[in-house]
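Trainee: Here's the letter readout for the chains.
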Amino acid sequence: MAVHTLSYVQTAQADTLPPPLLVRGPIAWVRQNLFSSIPNTILTLVVVYLLYVVIPPVIRFLITDAVWTGIDRNACREDVIHRPVGACWAFVADRLSYFTYGSYPIPERWRVDVFFALMAVGIAWMLWLKAPAKGLGALYFFVVFPIASFILLTGWSAVGLTPVPTAFWGGIMLTLLVSIVGIVFSLPFGILLALGRRSKLPLVRLASVIFIEVVRGVPLITVLIMANTMLPLFLPQGVSVDRLLRPLVGVSLFSAAYMAEVVRGGLQAVPKGQYEGAMSLGLGYGRMMYFIVLPQALRIVIPGIVNTFIGLFKDTTLVSIVGLLDLVRAIEASRVDPIWAAPTVSYTGYAFAALFYWICCFGMSRYSIMVERKLAAGQRR
Amino acid sequence: MTRQIASMALGLGVGLLGAALATGASAQQTLANVKQKGFVQCGSNTGLAGFGVPDAKGEWTGFDVDYCRAVAAAVFNDPKKVRFIPLSSKDRFTALQSGEVDLLVRNSTATMSRDTALGITFTGVNYYDGQGFMVRKKLGVSSAKELSGASVCTQQGTTTELNLADFFRRNNLKYEVVAFASSDETFKAYDTGRCDAFTTDSSGLYAERLRASAPDDHIVLPEIISKEPLGPSVRKGDAQWADIVKWVGYAMLNAEENGVTQANVDQMLKSDNPEVKRLLGTEGKFGEGIGLTNDWAYRVVKLVGNYGESFERNVGQGSPLKIKRGLNALWTQGGLQYGIPVR
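Top line first, the protein sequences correspond to chains L and C.
Numbering of the first sequence is given in the working numbering, commencing with residue 1 and proceeding in unit increments.
Numbering of the second sequence is given in the working numbering, commencing with residue 1 and proceeding in unit increments.
There may be inaccurate statements among the hints.
To be verified - Calculated pairs, DMTMM-like style, for lysine to aspartate or glutamate (alpha carbon to alpha carbon, straight line, at most 25 Å): (1) C/Lys-324 with L/Asp-79; (2) C/Lys-138 with L/Asp-79; (3) C/Lys-322 with C/Glu-176; (4) C/Lys-277 with C/Asp-243; (5) C/Lys-188 with L/Asp-72; (6) L/Lys-314 with C/Asp-184; (7) L/Lys-272 with L/Glu-108; (8) C/Lys-57 with L/Asp-79; (9) C/Lys-138 with C/Asp-196; (10) C/Lys-302 with C/Asp-266; (11) C/Lys-324 with C/Asp-115; (12) C/Lys-188 with L/Glu-332; (13) C/Lys-188 with L/Asp-79; (14) C/Lys-227 with C/Asp-115; (15) C/Lys-80 with L/Glu-213; (16) C/Lys-80 with L/Glu-108; (17) C/Lys-137 with L/Glu-332; (18) C/Lys-322 with C/Asp-217; (19) C/Lys-302 with C/Asp-243; (20) C/Lys-35 with C/Glu-59.
Rather than coming from a laboratory, the hints here were simulated on the basis of the structure.
As the structure is a prediction and not an experimental result, all values here were calculated from the model.
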């Protein structure tokens with residue numbers, strides 16, 4: 001019997017059919033994620049409606065109807081240019097140098113630029129994970145950079161830098177300065193305080209606990225008002241501590257206390273075996289902390305540290321309450337200028353501040369997510 | 001300029017404490033200190049249209065700022081030898097009491113309690129302000145007394161709100177208060193037609209009007225319903241420094257009265273008018289009497305200008321605010337500004 005090729009067995013494999021549209025692909029995604037149940041469907045519709053209500057006017061205000069160029073209030077007035085006026089970016093453009101440098105004397109502003117550059121180098125060095133000579137970078141960021149910036153910004157006649165009193169400092173420069181001082185001082189102080197709080201020496205522990213609990217029990221704003229309104233009354237006549245220095249010290253101590261608690265959380269999360277292992281290798285306290293415990297503890301609390309930095313960065317606006325012209329205060333002082341009096345000028349100023357803070361804070365949070373992923377690759381759950 | 005009652009109370013409390021702590025110190029040494037420092041430390045506003053605002057270069061300008069510059073011109077012959085500390089309404093008097101500033105020119109209302117209990121002295125009044133009303137032109141109202149039945153936008157918890165109630169009650173007028181928490185909100189509400197009238201200090205009315213969507217549709221009514229004499233203040237107990245600050249103000253007024261301006265002050269040195277001669281120091285030794293040189297007033301006018309020039313440049317016709325002189329006209333023009341003669 002001749003073997004016939006029986007036609008009911010397929011010789012070649014059939015083409016794979018695309019998955020049903022209802023299981024994969026955009027329609028399926030929408031069904032699964034947005035309309036999977038009646039409550040979800042309602043929520044989706046509500047959110048879409050809210051976006052529809054909010055986004056077009058915001059875009060219209062910030063971009064479509066915005067005024068980009070002009071020299072005074074007439075550029076941003078509906079009754080002068082006869083069209084709807086959104087954000088008055090011309091105002092921000094005109095005052096940008098004031099918002100950046102405050103009243104810092106114009107011929108000396110290059111010094112602020114150098115300060116910005118030094119800060120950028122320091123931050124990049126610290127943040128870039130694969131950067132060479134990290135130890136040197138830390139030395140630069142925590143020792144060289146603060147000293148160099150201090151000399152640069154306040155001036156030193158001996159090296160030909162005209163002294164510039166802090167009364168002239170302001171704007172973004174001041175905002176960044178207060179934040180960076182807070183960050184540079186709070187991290188080392190915070191680590192020391194956290195170690196102190198877990199120390200076996202009763203006096204050290206007591207001092208750390210008292211400091212941390214007192215500072216954490218007081219709102220930052222009271223510290224600032226105490227520093228700038230009450231302190232001068234208690235000092236003898238003629239003795240006055242610099243108006244900027246007082247809030248700087250306040251902010252640094254304040255954030256150090258918070259940082260200490262964050263770091264302590266990390267120290268407690270390191271398993272006891274790590275401590276014991278280090279001790280059994282014969283490492284002393286300092287080496288144990290430096291080589292074994294702190295690297296692990298700090299990695300665990302990176303999100304907490306960055307969170308504290310973001311909080312600190314935004315808290316710096318509080319210095320405006322004690323008469324320092326930080327970015328927000330500089331905008332507020334300028335927006336009342338009759339030269340730029342127009343209905344939308346104030347909103348534009350605040351929109352600019354919001355944009356600045358959002359970019360900075362969003363950048364910080366993205367960075368912390370990236371670092372977390374890289375450092376915790378071995379522990380991902 | 002609307003003063004929050006709460007902040008006033010706080011300011012007063014802190015001030016009393018300050019006065020108690022700072023008694024007796026620093027007699028007669030402010031001028032020497034200022035000369036040694038090389039600049040006048042002036043407490044200024046944190047930003048008030050026409051009175052103290054930073055310009056695009058970061059230099060402070062304004063009517064109050066000019067007063068500080070005039071003092072610097074009298075002491076140093078250089079209006080730039082002055083540093084400004086922007087002070088909030090809460091810490092302004094403390095800053096003066098503690099010696100952090102030599103002089104406070106920050107649209108502060110002179111009142112008896114401040115002048116007597118806070119350890120500070122008001123040296124005069126550089127701007128007579130007071131609460132007023134703004135309405136839409138199309139309302140056809142020309143006096144605040146015609147505002148019966150009107151709704152009035154005002155800021156919550158301020159003296160403005162209290163003055164408003166007093167005024168309407170005194171005149172037996174019906175009204176409806178629409179109060180808001182911040183001054184921005186208040187004006188926005190008025191501008192969008194929420195109320196018929198808007199009330200705040202009259203200098204503030206002019207500043208807010210500029211921010212209206214159509215400034216020309218609004219008028220400021222002539223009535224002033226409260227007294228807000230704004231003036232510079234110094235620490236109590238240093239008569240010499242108080243004299244300097246006081247007489248810089250009078251010099252600017254006398255210069256205006258006698259027609260001495262920034263432009264013609266050099267020709268005026270040759271004037272035969274005895275008042276001008278005494279003012280500019282070509283006759284008498286009045287400057288030396290207050291610890292300065294005799295050409296002190298010449299320098300003030302030359303470098304800053306007379307009262308009228310400063311007024312017009314910052315808040316008057318030369319500025320977008322276009323505030324009329326009103327009470328701040330010279331006494332010869334029907335106003336209240338009266339320069340005590342130099343003789």
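Trainee: Compare the structure with the hints numbered earlier in the document and write down the numbers of the violated ones, lowest to highest.
Mentor: Hint check: 3, 7, 8, 11, 15, 17 fail, others pass.
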